[in-house]
Structure formats: structure tokens, C-alpha cells
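Undergrad: One letter stands for each residue in the lines below.
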Amino acid sequence: MTDTSATSHRAAKRFNTGRIAVYAIVAAIGLALMFAPFLFPDVRSQQVAARICIFIALVASYDLLIGYTGIVSFAHTMFFGLGAYGTAIALKQMGPGWDAVFLGGSAGVAAAIILAIAIGLLSLRVKAIFFAMVTLAAASVMMVLASQLSDFTGGEDGLVYSAPKLFSPATKLMTGDDGKVLAVFDVRMNGKIAAYYFVFLSSLALFFAMLRIVASPLGTVLEAIRENELRAEAIGYRVVAYRTAIFVIAAVIAALAGILWATWLKYTGPDTTLSFAIMIDILLMVVIGGMGTMHGAVIGVTVMSLAQFYLKDLMEAGAIATADIPVLPHLLEPDRWLLWLGVLFILLVYFFPAGIAGTLMKKAGE
Amino acid sequence: MHPSIETRNLTIRFGGHAAVANVSCAFRPGELTVIVGPNGAGKTTFFNLVSGQLRPSEGTILKAGRDITATSPSARAKSGIGRAFQLTNLFPKLSVLENTRLAVQARRGVGPRIFSRAAAWSDLGERAMEHLRATRLDKVALLPAAALPHGDQRKLEVALLLAMEPDIFMFDEPTAGMSVHEAPVILELIETIKQDKSKTILLVEHKMDVVRALADRIAVLHNGALVADGNPETVMAMPIVREIYLGTPVGGEEAA
Ligand SMILES: Nc1ncnc2c1ncn2[C@@H]1O[C@H](COP(=O)(O)OP(=O)(O)OP(=O)(O)O)[C@@H](O)[C@H]1O
Ligand SMILES: [Mg+2]
Chain A
1 MTDTSATSHR
11 AAKRFNTGRI
21 AVYAIVAAIG
31 LALMFAPFLF
41 PDVRSQQVAA
51 RICIFIALVA
61 SYDLLIGYTG
71 IVSFAHTMFF
81 GLGAYGTAIA
91 LKQMGPGWDA
101 VFLGGSAGVA
111 AAIILAIAIG
121 LLSLRVKAIF
131 FAMVTLAAAS
141 VMMVLASQLS
151 DFTGGEDGLV
161 YSAPKLFSPA
171 TKLMTGDDGK
181 VLAVFDVRMN
191 GKIAAYYFVF
201 LSSLALFFAM
211 LRIVASPLGT
221 VLEAIRENEL
231 RAEAIGYRVV
241 AYRTAIFVIA
251 AVIAALAGIL
261 WATWLKYTGP
271 DTTLSFAIMI
281 DILLMVVIGG
291 MGTMHGAVIG
301 VTVMSLAQFY
311 LKDLMEAGAI
321 ATADIPVLPH
331 LLEPDRWLLW
341 LGVLFILLVY
351 FFPAGIAGTL
361 MKKAGE
Chain B
1 MHPSIETRNL
11 TIRFGGHAAV
21 ANVSCAFRPG
31 ELTVIVGPNG
41 AGKTTFFNLV
51 SGQLRPSEGT
61 ILKAGRDITA
71 TSPSARAKSG
81 IGRAFQLTNL
91 FPKLSVLENT
101 RLAVQARRGV
111 GPRIFSRAAA
121 WSDLGERAME
131 HLRATRLDKV
141 ALLPAAALPH
151 GDQRKLEVAL
161 LLAMEPDIFM
171 FDEPTAGMSV
181 HEAPVILELI
191 ETIKQDKSKT
201 ILLVEHKMDV
211 VRALADRIAV
221 LHNGALVADG
231 NPETVMAMPI
241 VREIYLGTPV
251 GGEEAA
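Respectively, the protein sequence lines represent chains A and B.
Take the first sequence: its position 287, counted from the start at 1, is 287 in the numbering used here, and no numbers get skipped.
Take the second sequence: its position 99, counted from the start at 1, is 99 in the numbering used here, and no numbers get skipped.
Honestly, the hints are just simulated from the structure, not real lab data.
Do not rely on the hints blindly, as some may be mistaken.
[Claimed, not checked] Once the Cα atoms are required to be at most 20 Å apart in a straight line, the calculated EDC-like pairs of lysine to aspartate or glutamate come out as: (1) B/K93 x A/E229; (2) B/K93 x A/E227; (3) A/K127 x A/E229; (4) A/K92 x A/D151; (5) B/K78 x A/E229.
[Unchecked claim] Some chain A residues close to chain B (C-beta under 8 Å, calculated; not the full set): (6) K127; (7) S162; (8) P217; (9) V221; (10) E223; (11) A224; (12) E227; (13) N228; (14) R231; (15) E233; (16) A234; (17) I235; (18) G236; (19) Y237.
Only a predicted model underlies this, so the values are computations on that prediction, with no experimental measurement involved.
The C-beta atom is built at its ideal place from N, Cα and C for all residues, glycine as well.
Kindly produce the complete structure, drawing on both the sequences and the hints.
TA: Quick look at the structure:
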């Protein structure tokens, strides 16, 4: 009898409208990304779609730390950069090939693991604020290294290289009877499509792996550590070991996302991987989406990326449309897009204090 | 046979003040010891030392003859020392079921399993539900711990201790703040644990009727020192205990 009441409770929790809304939004984003090359075939949209895929993996891995476990780290772009630079340097030195992606990527992931273990064991037992400072210092050192070791890293200019041949626009995935590259729904089946689906499927796999992690016994332990670390220790969990473990897992996922990013962009530099601007983007995405929800990463990354890429266009269109009205065109001046982005953030944080996914799920839960 | 828990000259000082002073005593399986003493006597601090939340300034703690003075709280929990807290100490945003399942999971050592099978999962949940039924919390299993009324939070504190399945149970005023309907559930549970002669129970309790009903032995702490220790009749008859309990100043420094 008690069991059935518990089950119906759970059913009620699972099927509340807020949850459905979040799942529906995430599913819609997922479908849009899955068919992005056909829905939005222009070059710029492809770029946005690939960035969204990779950043979903990157931001979700950051959510494992900040949202699930309550670890504040500023070194996430460092791990992202290690994966990207490993791949980039190998592709530059060894030429475009899967062996380079594999070797360089593995080296980047290995470096991420070693650094994460070192930082974790040395400083995860101390106060959170001190840990945050250590990660900040490590990330700064990595940026200095990347710019100093310019023979390897290309310094501030970064590295330009070629991706494996499969991803080259000249590669014909499908050919028609005439030997020319085949077009499906007017989209040419060339190497660019292969590159996009490589990025999409890899990011999807990483995201599903993280969904499994948070739904596993480990996921609950991480939340327990966030909620009450002393009690977690008191019932038998070695908090430092768990913190270090999740820090390493998140670092590995960030490095893997870095490999995807380097392979997709065919360029790796401080501005695309290591910079604190990206670290702040990650933080904002996690907060806007909703910390500790996983699905929030999908929503946060999509909202932020669309705003960053298209707000300017939208405002330009708005300014032209309102050209005859007195004040509006000035307000909608495209150069003011950063101001509007700021306004958008403030509104989002005001109306969704627990992030979009977090607030929607909570509202309906009560 | 070694006592399940033994302390030797256990002392902890905060500043100059010894909250636990030179306490040597041993606890054996099949025995329920009630620890009494006025507010600030050092009862909770003594528990904190045994379960590892605090490190002693001096003295040693042995579990089954092995020195555990330097081990971590998590290692002690895994070795079978279980402890419920006087001030409710839960995972507030997690559900009652998740709170309890965490303790089951820690006991079974499945915490680190990332990709564990769903079947193993439901097994842990079922075990946690048993402990919730025992503490009459099964109906609120899916509420966040923070949403429970105070009495239910106290029960959840006990459910977590049960779920740890320890050899040594330490209860710190488990029924404080519970209604007259709720307290008997917990006392019956302690009675049930007592039937299992392999378990050692330490209980901090103020209510004299509870002490009389459950105690095999009473230990009296006063200003951090163990001033009396023995079977209930003898201890209750001791002049010093009567003085403490009648509130008569002992040495002229007794507060509250
Ligand atoms: N972490 C600490 N730092 C400083 N003093 C402490 C600390 N913990 C306990 N004390 C002091 O040690 C003494 C004993 O406190 P303790 O909580 O053990 O008493 P108690 O017997 O459990 O009392 P109560 O019946 O009120 O629960 C008190 O004077 C308290 O102020
Ligand atoms: Mg106390």
C-alpha cells in the first residue's frame, strides 16, 4: 500500500508540466541540432550549430562540478584547451590524419587527467574559495605557457592546420551517377557534413554519458557532498576522493570537447579555448540554463549562443523596421547589442532565479 | 574478547577548557549504555571523538582492540561505527528516500559505481524503503528532507543510522523535539536493536523514564569527566549523581 503511494508520488513528480516543458525544449533543440545542416545550410549557421553541440558537452561537464558537487573551478577552459592544443599541435606537426587526432587528443586528455589529479589532491581538501584560487592560478599559468611556447602553440596567433581528409569540403561522401557530389534536400554531401555529424554524435555521446553519471549512485553521492559534506563523510564517503574523481571526470570530458573543437575549427588559439572570456561564457550558460540539472546546459548554451550570434542581426532588422519611429532605431542600433545582451541576462536571472530548466522544474514540482 | 569501543584517557581541549577530560571506558556488544550529564557536560563532544568528527588532544580510541585514533570519519563509518546527530544533520534538498539510500549505498560500497545496473539500484532503494517503514517515514519518502516537520527530520536522522547497518549505534538525544506519539516509535526501534546481542549501543538521553526503561548501564559525564559508570541502580543512588541531577552546585561552578 505504501509502495503504491510512493510510486504515484514519483509518477506525479516525473510527469509534472514543468518537467515536460523542459524535456520538450531539450528535445526540440536536439532535433534542430540533429538536422541542422538541412534546416540551416548556410556556413554561419553550421558554425553556430557545431559550437552549440560542443559547448553543451563542455558546459554540462562544468555543471557536474558546480551544480552537482558544489565545486567552483575556473580551470575548465584550461582542460578544454589541453584537448584542443594537443590535437592542434599533433595535426600541425604530423599532418592531417586520424593518427594525429588520436595521438594529440590522447596526450591532451592525459595531461588533463594528471593536472586534475594534482590540483584535486593538493587542494580539494581545503576551503572552496582557496580551491577556486588555485584553479584560477593554474588556468593563468596555462595561458602564459600557451603564449610563451609559441614554437609549438603559435603563441597569440594560434595554430592553423588541416583536419583529417574525411572532413575536407572536397571530400565526396556520396556521388551521383555523374560522379559529382550528391545533394540531399539541396545540401551537398561533402566532408563538411561528415565533420558536423562527427561533432554532433560525439557531443551527444558525451552528454548521454553524463546523464548516466548523474542518474547513477555516484550522482547522488555528488549531490550529498554539495548538500552536506560533513554528513557525507560521517556516513562513510571519502569526500576528497569523490571530489577529486568528479574533477578528473569533468576535466576529461572538457578535454574531449576540446578535441572536437580543434578538429571542427581547424584553428586553435588562446581566444577559442583558453581565454577567461570563454570561462565566463561557460559560467553564464550554466547559470542561465540551471545548475545541477544537466538539461539546463542544453538550454543555457543554446540561448546564449543564439543571442551572441544573432542578437546583432535581429537588432539591425529591428532598427530598419522602426526607422520612422523616433527613439527606437537608436536603441536598436546594432552596436548596442552587448547592452541588450546584458539586459537579456538580467531578465533571465530575474525571472528564472534557478536557471531556465531549474525554475521550470521546480515551479511545477510544488 | 576486546570491547567493541574503548577509550583511554580521552581528552579534548578547546582553548584552555577541557570539554572531555581523561575519559577511559569500554563498551561491549549486547550492552546499552546511557550517557547522562547536564548541558555542556561533553556528551556530544565525546561522540564526536568516537565517530571522528573531532581529533582528541590526548588519549586513544580503540575499536575491537585496534587503534583508530588517527582514522577519518568515513573510515570509521565503514568499519561499523554509526552515529546519529543531536542537531539534525541531513541532505536538505535530497528526498527522504535519497537521504536513506545514500547511507545504504555507502554501506554496500556502491558509491563509486558510475554505470551500475538499474536492478542493483532498485535493490538499494528497496532496502532504504525498509528503513523508512521502520521509522514510519515511508509516506513522505519522496519529499525533500528540508520539507519535513522537525519530528520527522529527527526520525530521518535515525533512519540514516539504521541504514548504515553499524555494529556500534550512537544515538544523541534521538527523541528530543519529538511528540509523545513519535518518541515511542524510536524507543521501540532501539529496543529492537538491543535484541541483537552483537550490537553495541550508546545513547545520550535526558528523560529519566527512558533511561530506566532501556539502560543496562549508565555513564555520567560532568564537566567533561566521567564521574560515575555502572549499573543503573548503583549509579542513580550515588550522591554525586543526585547532586548533579538535583542541580545542586558541585564545586560551585555548575551552570544551567
Ligand atoms: N567545536 C567546539 N569548539 C569550542 N567549544 C566546544 C566545541 N564543541 C563543544 N564545545 C564546548 O564543549 C562543551 C561540551 O559541549 P557538548 O556539546 O559536548 O555538551 P553536551 O553534553 O552534548 O550538552 P547538551 O546536553 O547541551 O547537548 C561545551 O562547553 C561546549 O561549548
Ligand atoms: Mg549534546
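Undergrad: Each of the hints needs a verdict: does it hold here or not?
TA: Hint check results:
no.: 1; hint: B/K93 x A/E229; result: holds (13 Å)
no.: 2; hint: B/K93 x A/E227; result: holds (7 Å)
no.: 3; hint: A/K127 x A/E229; result: holds (12 Å)
no.: 4; hint: A/K92 x A/D151; result: holds (11 Å)
no.: 5; hint: B/K78 x A/E229; result: holds (16 Å)
no.: 6; hint: K127; result: violated (18 Å)
no.: 7; hint: S162; result: violated (36 Å)
no.: 8; hint: P217; result: holds (5 Å)
no.: 9; hint: V221; result: holds (5 Å)
no.: 10; hint: E223; result: holds (6 Å)
no.: 11; hint: A224; result: holds (5 Å)
no.: 12; hint: E227; result: holds (4 Å)
no.: 13; hint: N228; result: holds (5 Å)
no.: 14; hint: R231; result: holds (5 Å)
no.: 15; hint: E233; result: holds (5 Å)
no.: 16; hint: A234; result: holds (5 Å)
no.: 17; hint: I235; result: holds (5 Å)
no.: 18; hint: G236; result: holds (4 Å)
no.: 19; hint: Y237; result: holds (6 Å)
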